[in-house]
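Count along the sequence shown starting at 1, add 1188, and that's the number in this note's numbering.
None of these hints come from the bench; they were simulated from the model.
A few of these clues could be false.
[Said to hold, decoys possible] The list that follows gives simulated cross-link-like pairs (lysine-lysine, DSS-like), each with its CA atoms no further than 27 angstroms apart:
hint	residue 1	residue 2
1	K1313	K1272
2	K1313	K1278
3	K1271	K1313
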Amino acid sequence: MELGGDNKRLLSEINVTPLVDVMLVLLIIFMVAAPMMIQGMDVELPKTTARAIDNKEENIVITIDRHQNIFVNSARIPQPQIKKYLQHLKETAAGREVLLRADRSVPYGLVVEIMAQIRAGGIEKLGMVTEPLEEKR
1189 MELGGDNKRL
1199 LSEINVTPLV
1209 DVMLVLLIIF
1219 MVAAPMMIQG
1229 MDVELPKTTA
1239 RAIDNKEENI
1249 VITIDRHQNI
1259 FVNSARIPQP
1269 QIKKYLQHLK
1279 ETAAGREVLL
1289 RADRSVPYGL
1299 VVEIMAQIRA
1309 GGIEKLGMVT
1319 EPLEEKR
């Protein structure tokens, strides 16, 4: 009879501490990265002193990038089809405002042409998206 002899049985427990550490790191990475994925098109907006608008509901955003590509929300639309596309949107999203985001390098004539197509599409409420001026101190 052995008293206090060798205890040769295997310990088959899993150490979950490293697993929890890895999962917490992944959670933090996704929490930091998720807001960055919502950005949208990269447009350099003109600067102005206008006040910020209240976003009470989801607006329709038309973006003209520096390469003169036109996007409605995030879908690329050829310029000749904008009027028809907006007429369809007007029927499905009545009362929503249209916001126009145009890169500052886009020619003024193209912006006015798109604004005319927006009006021809039956959209009454049109807003321009700009960046606030940086105040000098």
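Verification of the hints:
no. : hint          : verdict
1   : K1313 x K1272 : holds, 17 angstroms
2   : K1313 x K1278 : holds, 11 angstroms
3   : K1271 x K1313 : holds, 15 angstroms
Comparing the model with each numbered hint stated earlier shows that all of them hold.
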